[in-house]
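For reference, each letter of the sequence shown is one residue, going 1 to 164 in my numbering.
Do not take every clue at face value.
[Unchecked claim] DEER-style ranges, computed between Cβ atoms: (1) Ser37 x Lys112: 16 to 26 Å; (2) Leu73 x Leu133: 34 to 44 Å; (3) Ser59 x Lys35: 24 to 34 Å.
[Stated by the list, open to error] Under the rule of at most 20 Å between Cα atoms (straight-line distance), these lysine-lysine pairs were calculated in the PhoX-like manner: (4) Lys51 x Lys35; (5) Lys47 x Lys123; (6) Lys50 x Lys160; (7) Lys158 x Lys94; (8) Lys50 x Lys123; (9) Lys112 x Lys60; (10) Lys35 x Lys47; (11) Lys128 x Lys94; (12) Lys60 x Lys94; (13) Lys128 x Lys158; (14) Lys35 x Lys60; (15) Lys51 x Lys123.
By construction, these hints were calculated from the structure, which means they are not laboratory data. Glycine residues also receive a C-beta, built at the ideal position from the N, C-alpha and C atoms.
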Amino acid sequence: MNYTSPDSIPHFRECAALVDSAGFTLVELQVVPQKGSVHVTAVIASKDVKKDIGVADCSKVHHALQPELISMLGVDEDNFYMEVCSPGMERNLKNAAEFAFFVGREIRVWDKTVGDWVSGIIKSSDEKQVTLLPLENQEGDSEKSGGEKTVAYENIAKAKFIHL
């Protein structure tokens, strides 16, 4: 899995500040020019990992972002399409930088060094690796793995949310 700094994504920093002021976190931003128009997709998350994103939340962020993006991109409203959505229950993380947005969330990663899924709660992450805390099973015991586990991004083939 590759790490791409969100700040290197065009317009991410400006949009992240607007989304933050609306009370959410910008996870992903795609700005795609298409035949004279611009298509924007923004994925937002709650600052509290235990709260879900609803339609009203997406609408609030859409209303905050749309006029600013139209101005930044220099397009008119007729040639601008924007979609704001939640990460979803079964999100596959596309960029290793996303781990930082989901600290406290249950996740599983396919660790190439062990050839299996490693599950845990995201404790922390940086530009090179993610640290997971063990999950507890139904009897209240920690998984067999014991304590926290650190996995380098170069050893992660895939990462996704654990949902119930």
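The hints, checked one at a time:
At roughly 40 Å, the beta carbons of Ser37 and Lys112 sit outside the given window of 16 to 26 Å. Between Leu73 and Leu133 the Cβ separation comes to about 41 Å, which falls inside the hinted range of 34 to 44 Å. Checked against the given bound of 24 to 34 Å, the beta carbons of Ser59 and Lys35, roughly 27 Å apart, stay inside it. As the CA atoms of Lys51 and Lys35 are separated by approximately 38 Å, the hinted pair breaks the 20 Å bound.
As the CA atoms of Lys47 and Lys123 are separated by approximately 15 Å, the hinted pair is consistent with the 20 Å bound. Between Lys50 and Lys160 the alpha-carbon distance is near 16 Å, which keeps this suggested pair within the 20 Å criterion. Taking the CA atoms of Lys158 and Lys94, the gap is about 8 Å. The hint holds against a cut of 20 Å. Taking the CA atoms of Lys50 and Lys123, the gap is about 15 Å. The hint holds against a cut of 20 Å.
Under the criterion of a C-alpha separation no larger than 20 Å, the hint pairing Lys112 with Lys60 is inconsistent with the structure, at around 40 Å. The hinted pair formed by Lys35 and Lys47 fails the criterion: a straight-line CA distance of about 36 Å is larger than 20 Å. This hinted pair checks out: Lys128 and Lys94 have alpha carbons roughly 15 Å apart, not beyond 20 Å. At roughly 25 Å between alpha-carbon atoms, Lys60 and Lys94 are farther apart than 20 Å, so this suggested pair is violated.
Only pairs whose Cα atoms come within 20 Å are accepted, and Lys128 paired with Lys158 is accepted, the gap being roughly 15 Å. Taken as a hint, the Lys35 and Lys60 pair is broken in the structure, with Cα atoms around 28 Å apart against an allowance of 20 Å. Distance check on the hinted pair: Lys51 and Lys123 sit about 18 Å apart at the alpha-carbon level, within 20 Å; holds.
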